[in-house]
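Those protein sequences? They're chains A and B, same order as listed.
FYI, our numbering numbers position 94 of the first sequence as 94, with every residue one higher than the one before it.
In short: position in the second sequence from 1, add 110, done, that's our numbering.
If you're looking for bench data, these hints aren't it; they were derived computationally from the structure.
One or more of the hints may lead you astray.
[Claimed, not checked] Covered stretches of chain A (chain B as the covering partner; in silico rule of three or more C-beta atoms under 8 Å from a C-beta of chain B):
(1) 39-49
(2) 102-110
[What the hints assert, rightly or not] For the chain A half of the interface with chain B, some residues (derived, Cβ under 8 Å), not all of them:
(3) Phe87
(4) Lys97
(5) Leu98
(6) Val99
Cβ coordinates follow ideal geometry from the N, Cα and C atoms, glycine included.
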Amino acid sequence: GQSLEQPSEVTAVEGAIVQINCTYQTSGFYGLSWYQQHDGGAPTFLSYNALDGLEETGRFSSFLSRSDSYGYLLLQELQMKDSASYFCAVPNTGFQKLVFGTGTRLLVSP
Amino acid sequence: GAVVSQHPSWVICKSGTSVKIECRSLDFQATTMFWYRQFPKQSLMLMATSNEGSKATYEQGVEKDKFLINHASLTLSTLTVTSAHPEDSSFYICSAREGSGVNTEAFFGQGTRLTVV
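Chain B on its own, in the form it takes in the complex (with noise of 0.2 Å):
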């Protein structure tokens, strides 16, 4: 199957600081990306849809000011959480599809856990 590759896998970032996570699909283009989010034995709840060249499309609830997605080219999608503060500590994961079709397959990436001392 196609493959998602989504880096760092973990991290541990001060208060108040920004992180950078990236999400590449390594050998298809993605026109869509998708990013979840991921509390301690829940489910994944859907944070913003990325569509390359266009501005992502947040979910009702999520801050678009303060979790900036750009997807840059048909292959990398990156998701900026700013000024982050504990509570936006959890696992953030992206999901790729390599078609178009509504019984296309969804590819995740490893996950980046994420914690805000």
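Isolated chain A, as found in the complex (with noise of 0.2 Å):
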């Protein structure tokens, strides 16, 4: 099976860099997703990564160490629209489904 382990909640402020760490354990690895949810709201996309190292979006940027089953979102120049709860997600095999982590909550303060 999987499991995605994040941190509960982290805080922040305007204008700050903020790192959102997901450790994995699956049987069978097809890459790994972020999403955010703001409260009420449905989760959108926001980044995969199927190999190891960067991709960057905008603001947003997310690593991946395969050897170290484990992977961050980065968000930088925060704002007080991006508090909200940020999920990192993996399909199991043939991606019939998709398990989402523990989630973080995010709380971005003035």
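Combine both chains into one complex, guided by the hints.
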């Protein structure tokens, strides 16, 4: 099976940089995705890493190290609207389902 | 990106009644849809995988007779919570994939907040 662990909560101030970590245990690995979810809303896709290294998309970057079974989401130039929950996720074999991490609640203060 | 529409966005029902939640892929065909349940401040827990034209595959611990899933077409899947009880109150979210590759993005409906009174 799959299990993904994340810190439960992270706090930061506007303009800062924050890193949200994800460690995973999977039987087979097919990439790591990141999703953002605001309270009461649907998760929205942020990024996907299939190979080791850093993927950059605007203010958000995602990193993967397959040898360490570890990845992180890096958020730069934080804005108040970035306050949300962030989930890492992995597909199982055959991508028949997406398994989500425990989730990290990010609180951005002025 | 592709759009997944979920309806209703919220519903309040009496204990013992049934509630149907619809999930539609508006601009693509989804051979597979997923149903999740989420409690406050917790992660999304997969309930079942819905494949068009076949029976849904339920996760361990999910009662298939209580949570009826029908995937009648490539654009519509429904989840019916039968004989709902207060403990069924939760946020239910559907998801659909546009393709079949391992890096295919999953699109989510806006969720349905169910309150059973």
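Now the hints, each set against the structure:
no.	hint	in the structure
1	39-49	holds (count 7)
2	102-110	holds (count 3)
3	Phe87	holds, 6 Å
4	Lys97	holds, 5 Å
5	Leu98	holds, 6 Å
6	Val99	holds, 7 Å
The structure shown violates none of the earlier numbered hints.
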